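Engineer: Chain by chain, the residues:
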Amino acid sequence: MLTKRIVPCLDIRDGKVVKGMNFEGVRDVADPVEMAAFYNESGADELVFYDITATFEGRKLFSDVLEKVASQIFIPLTVGGGINTLEDFDRVLKCGADKVSVNSGAIKDPTIIEKGAMKYGDQCVVLSMDVKRVDGSFHLFSHGGRVDTGIDALQWAVDGVNRGAGEIVVNSIDTDGVKQGFDLEMLDAVAARVNVPIVASGGAGCMEDFAELFKHPGMDAGLAASIFHFKEVDIMDLKRYLSEQGVPMRV
Amino acid sequence: MIAVIDYGVGNLFSLTASLKHVGADAIVTGKAEDLEAADKIILPGVGAFEDAIAKLRATGLVSTLDEQVAKGKPLMGICLGMQLLFEKSYEYGEFDGLGYIKGSVISMREAEDPAKRVKPDTKVPQIGWNALHIVKDDVLTAPIKDGDHVYFVHGYYADECEDAIVAYTDYDVKVPAIVRQGSVCGTQFHPEKSGNVGLSILKGFVENA
Chain A
1 MLTKRIVPCL
11 DIRDGKVVKG
21 MNFEGVRDVA
31 DPVEMAAFYN
41 ESGADELVFY
51 DITATFEGRK
61 LFSDVLEKVA
71 SQIFIPLTVG
81 GGINTLEDFD
91 RVLKCGADKV
101 SVNSGAIKDP
111 TIIEKGAMKY
121 GDQCVVLSMD
131 VKRVDGSFHL
141 FSHGGRVDTG
151 IDALQWAVDG
161 VNRGAGEIVV
171 NSIDTDGVKQ
181 GFDLEMLDAV
191 AARVNVPIVA
201 SGGAGCMEDF
211 AELFKHPGMD
221 AGLAASIFHF
231 KEVDIMDLKR
241 YLSEQGVPMR
251 V
Chain Z
252 MIAVIDYGVG
262 NLFSLTASLK
272 HVGADAIVTG
282 KAEDLEAADK
292 IILPGVGAFE
302 DAIAKLRATG
312 LVSTLDEQVA
322 KGKPLMGICL
332 GMQLLFEKSY
342 EYGEFDGLGY
352 IKGSVISMRE
362 AEDPAKRVKP
372 DTKVPQIGWN
382 ALHIVKDDVL
392 TAPIKDGDHV
402 YFVHGYYADE
412 CEDAIVAYTD
422 YDVKVPAIVR
432 QGSVCGTQFH
442 PEKSGNVGLS
452 ILKGFVENA
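Protein chains in written order, with the numbering used here: chain A, 1 to 251; chain Z, 252 to 460.
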């Protein structure tokens, strides 16, 4: 049976890991290569690296970090941040990424999804979406979750999969950083409409939150950052706990 | 020396890095003389069967590969590279493979025989970690144990190859995960992305195949 995945996310700026609360107020944590090695030993099923730099120098540092990680860590690596063109796909894949996550790039030009899927396969293209409730419906947000695009997020997910996205990361802005659990209502709404793996993001505060998440059959992976970075939840303990709860896990 | 065949399909960064990590002297090559000089050959691959087999044939390396396999040189296919080792694939049509292992490659979703399809609500491709069930001793499985997890990314799987199955995984259907016929072997999963278990399998091939 396919196991459920536990995925730590590392936001990288200028070659270092950072994590914001509700996307603001970032602070340094540690060296990304060291952290990747630590997570690999802890049993992380995949690592996500998000490049939050916008400068040329920052991007170069990011590529260096990625290459170093991929030379030492042999689990799936997903890379996002600043992916706007096929050249961006190429750049990160050459440094050892397995999957490429598009977010704002797909909002600017949705055809990047099908171009990436045509060239590298559906399994390579991850559609990451930042979603927030606005007047009773789910809206897609851009610019790191700051700007309401007015686009219906559920339709966006369906369109993205039709264009060739092989996986969807749903990041709830409403629950992000709050640590009161994943946004199960939002996640279920997305899962009911698409048949690709769903990665839940935003809101995990404790091990029980992951157990709740995986009671929902459409959920394939749980993603989190700070609770892992600050060792509030240890991945090995989490996976053992979930396994005892009957969740299929690689332990 | 291990020759990793470069035929313009997929990204070889992780594969070469992982081979280096287990102590192998590996080169990425598209030259016939390198395949002849190598002790072992690895055929990687991602994407669609038709495109991959066409690109492999276009390199002109297939006749050399045939000779090396006939001589008993160890060859390992990975993911789509494993599927290419079979006689046929039914991915978007019907295409001939290399024919080193008896069997064919069929769709998880649209196999002709409904019993060979996954359930309608099962997600295809299979992407993620699944357990290996080892049915035969092999140099690839010697360093690992039954139930170890490895990383799969695929929507098609090998069929009618019962004799070749070294290990399989369950995904509604019985998916051949490690196959072998003589000196030719293959893994449906990505050992270079399967953590320490995957590295052990690669080491098994590098040191003992």
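Hints should not be assumed to be uniformly reliable.
With a straight-line Cα cutoff of 25 Å, these simulated DSS-like cross-link-like pairs (lysine-lysine) come out [unchecked claim]:
1. LYS271/Z / LYS68/A
2. LYS370/Z / LYS115/A
3. LYS370/Z / LYS94/A
4. LYS425/Z / LYS94/A
5. LYS119/A / LYS306/Z
6. LYS324/Z / LYS94/A
What follows is a set of in silico ranges between Cβ atoms, one per label pair, in the way DEER data are often shown [what the hints assert, rightly or not]:
7. MET118/A / MET252/Z: 29 to 37 Å
8. ASP397/Z / THR149/A: 44 to 52 Å
9. ASP423/Z / ASP174/A: 34 to 42 Å
Please keep in mind that the hints were generated in silico from the structure rather than gathered at the bench.
Nothing here was measured: the structure is a model prediction, and the numbers come from that model.
Don't be surprised by glycine CBs; every beta carbon is placed ideally from N, CA and C.
Engineer: Hints numbered earlier in the text: which of these fail when held up against the supplied structure?
Structural biologist: 2, 3, 4, 6
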